[in-house]
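> The residues making up each chain are set out below.
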Amino acid sequence: MTNSEISKKIRDLNSRKSTVPAVKLHIEVEDFLSRLIRENGEVETRDIREEILTNLITYFSKNKKSIQVPVSHYIISLAKIQESKGKLAEAKKTLELIVGENDDKYKQLVDDQKNNKNVRDILRNTNLAKAEYRYNVIKFKLGEQSFSETLKVLNDIIDNTELNQDVLGKRMSPFELFKQECSEMVDFERLEVDIFPRLDSMVRSEGEGREHDDTKYTKDLLPSNRLRFIKENFKVSKIYMGKEEFTGYLLFEFEDADLIIAEKFWDENKEGKIRVATENATYILPKDESVELIKKSKSEITSLAKNNDRIQKANHYSKPEDENFSSTYYTNLKTKFNKAIGYEYFKIKPTAKKPKLGDGKKYRGSGKLTPKVKTAKSNTEPKENQEAKQEEKPKSYEEMSKDELIQVILSLQVELSEATGKLKEAIALKTDTKAFSERVIRLMGEVEKVDKMLQER
Amino acid sequence: MAEKDEILSIYGKVKDGRLELEDLSKEELVNVLKLYKEEISLVKNKLEEERKEIKSINDEISKKMNN
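Chains as they are written, first to last, in the working numbering: chain B, 1 to 457; chain Y, 1 to 67.
Treat the hints as calculated values from the structure; they're not laboratory data. Treat the hints with caution; some may be incorrect.
[As the list claims (entries may be wrong)] Cut-off 27 Å, straight-line C-alpha distance, at most; resulting in silico cross-link-like pairs (DSS-like, lysine-lysine):
#	chain 1	residue 1	chain 2	residue 2
1	B	Lys-313	B	Lys-238
2	B	Lys-152	B	Lys-87
3	Y	Lys-55	Y	Lys-44
4	B	Lys-336	Y	Lys-46
5	B	Lys-434	Y	Lys-46
6	B	Lys-313	Y	Lys-37
7	Y	Lys-37	B	Lys-336
8	B	Lys-434	Y	Lys-63
9	B	Lys-402	Y	Lys-64
10	Y	Lys-34	B	Lys-434
11	B	Lys-452	B	Lys-402
12	Y	Lys-46	Y	Lys-34
13	B	Lys-424	B	Lys-434
14	B	Lys-402	Y	Lys-26
15	B	Lys-424	Y	Lys-52
16	Y	Lys-26	Y	Lys-37
17	B	Lys-422	Y	Lys-46
18	B	Lys-87	B	Lys-139
Looking at chain B on its own, in the form it has when it is part of the complex (with noise of 0.2 Å):
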């Protein structure tokens, strides 16, 4: 179907509004939407869908004559659409048409809709029982709302309503209807009660101690552990499952900074069943770039992260013959991330577009990887900004605050092992030079002798 059938389609819906009569044209838009899906696929017909919806939306609420036609059915449907192009907020601001305190004109449509015999069996409580559900996903998703407390709101809707059995064929517990609504997306309560106890486990028993590629692996990089330095040293906003390159892994994006930390805390057998990491990197990536980079394969990564300061490698290991080697992983993430932060192009902008992690989906997003113009060391930034910075004064040390001090202790720490590395090479080079220097000088003094020789005879 070409768009320009598809907007004669619309024209002749509107037109026809004033004369069909609502349930007609309910059935009629019903059925123009499946077809719509059928011939064209749900991804690609998104967009107009979208638009359809709001125009009904749009004009049901301004027909109050059409109270048979199911109005929340469509707002459901458009808040779904909306929330798999991650536009949440829009999502949220859709479905608080039905949901929620808003003393709304759509409200009392679906209230009188409720009271409506001759819709209850279309409408019953479970279009509002799904725009509830929809309502506390999204808020979760959107960080409003920690998993406890939605695991406790969607508890009290299923328990109510007719919701599951609705939804799915079959009773599930909240718990499992929630995983299946947010497996790609986690919080940190959810992680410790629910996979992390189980992945230290499996790495106490099978994998402590062991060593792979000169590597070793400790008490100090539990998952747990390592999850717990992240909570506590990071301000993170959302965490979501990596995918297919990315399995094993959990994506953090924070507060303060327009970046992931992608963290390898397990391995998937072919099943799904997860199992002790055999290979440990942390990345830190670029978050308006992500999408497309969680595509490339590790080595490709670590491969642009060797001319690209955007892109960070923390190796969870060091050599064996290194006793600090937790710590040296705590402070190479900590050290690289807060050298990531520095950087201009990874400071949140006011006008920085919404995260495309965010859609719940797997990462097929249109992530661009055009490098943005600016960087630290550009010198593009407006006059005015410019001087607000000449203004901002760099703060003494006892200014600082403790937080402040330490993270400047932990680059330092860096800078110092990075300059003690190059002076134990420095040291090593004047040895072998000295060496090869003698041994230059003894030769050119056996060449001398031998051409004396030749000379005397």
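With chain B held as given, fit chain Y onto it using these hints.
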């Protein structure tokens, strides 16, 4: 030259090889920070000296070979 953990060992708060910065007071942290700065400066100076020595050895070899 002091190793990095030795700096913190001044305060006797190195636990199991891990640095426990959180246990230090703000004043102690400022002191530790200054010690790190000094230590980095010493290491960098030493590194510079080593590099100069390497350069002079290389120059010497070049000179001899050219002669």
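> Compare the structure with each hint and give your call.
Checked hints:
1. Lys-313(B) / Lys-238(B): holds (20 Å)
2. Lys-152(B) / Lys-87(B): OK: Lys-152(B) and Lys-87(B) at ~25 Å, within 27 Å.
3. Lys-55(Y) / Lys-44(Y): holds (16 Å)
4. Lys-336(B) / Lys-46(Y): holds (26 Å)
5. Lys-434(B) / Lys-46(Y): The hint holds at about 18 Å.
6. Lys-313(B) / Lys-37(Y): OK: Lys-313(B) and Lys-37(Y) at ~26 Å, within 27 Å.
7. Lys-37(Y) / Lys-336(B): holds (19 Å)
8. Lys-434(B) / Lys-63(Y): holds (15 Å)
9. Lys-402(B) / Lys-64(Y): Given that 27 Å is the threshold and the Cα spacing comes to 57 Å, the pair is violated.
10. Lys-34(Y) / Lys-434(B): Between Lys-34(Y) and Lys-434(B) the Cα gap is close to 35 Å, so the pair fails against 27 Å, i.e. violated.
11. Lys-452(B) / Lys-402(B): Violated, at roughly 73 Å.
12. Lys-46(Y) / Lys-34(Y): Within the cut-off at roughly 18 Å; holds.
13. Lys-424(B) / Lys-434(B): OK: Lys-424(B) and Lys-434(B) at ~15 Å, within 27 Å.
14. Lys-402(B) / Lys-26(Y): holds (6 Å)
15. Lys-424(B) / Lys-52(Y): holds (15 Å)
16. Lys-26(Y) / Lys-37(Y): holds (16 Å)
17. Lys-422(B) / Lys-46(Y): The hint holds at about 10 Å.
18. Lys-87(B) / Lys-139(B): holds (12 Å)
Going down the numbered hints, you'll see the structure goes against 9, 10, 11, while the others check out.
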